[in-house]
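Going left to right, the sequence shown walks through residues 1 to 92 as my numbering numbers them.
Just so you know, these hints were derived from the structure itself, not from any lab. From the three backbone atoms N, C-alpha and C, an ideal C-beta is built for every residue, glycine too. Treat the hints with caution; some may be incorrect.
In silico EDC-like links for lysine to aspartate or glutamate, alpha-carbon gap of 16 Å or less [said to hold, decoys possible]:
no., residue 1, residue 2
1, Lys-18, Glu-57
2, Lys-78, Glu-57
3, Lys-75, Glu-16
4, Lys-22, Asp-43
5, Lys-75, Glu-30
If you anchor each label on the Cβ, the simulated ranges turn out as follows [as the list claims (entries may be wrong)]:
no., residue 1, residue 2, range
6, Thr-68, Asn-11, 26 to 32 Å
7, Ile-58, Leu-12, 26 to 32 Å
8, Ser-67, Ser-47, 15 to 21 Å
9, Glu-71, Lys-18, 16 to 22 Å
10, Glu-25, Glu-71, 16 to 22 Å
11, Asp-43, Thr-79, 29 to 35 Å
12, Lys-19, Glu-71, 19 to 25 Å
13, Glu-57, Pro-8, 29 to 35 Å
14, Asn-11, Ser-35, 16 to 22 Å
15, Val-63, Gly-41, 27 to 33 Å
16, Ser-38, Thr-79, 17 to 23 Å
17, Asp-15, Ser-45, 15 to 21 Å
18, Thr-79, Ser-45, 28 to 34 Å
19, Arg-39, Asn-11, 24 to 30 Å
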Amino acid sequence: MSVWVETPYLNLVYDEIKKLTKDGEVPISEKEIISSLSRQGYDISPSDLVKLLIKMEIMGLIVVSSSTKEERLIKLNKTERHEEFVQVDNES
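Can you make the complete structure from the sequences, with help from the hints?
Below you can see the structure in the form of structure tokens.
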């Protein structure tokens, strides 16, 4: 994934996480995200997804935890900081 495509994919993956987790109520796996995106015609590799998940976790948008040795669970971060970030982001 090049630098030029990274931001649209970041938004796309975040929106997909938001939809699949039912606004943060249900944790999901990386496989579910990749599967859902591929059904919509987007091809994203597991390594590119991990890079995007790391960025979103650093930004405070999501929380990633280990379910098993090879599987991660992703859910939305429901903190006050997240709400402030979203409001600032929408004003731009």
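Requested in this report: Run the structure past the numbered hints and jot down the numbers of the failing ones, going up.
Outcome: Checked against the structure, the hints that fail are numbers 4, 7, 13, 16 and 19, while the rest are satisfied.
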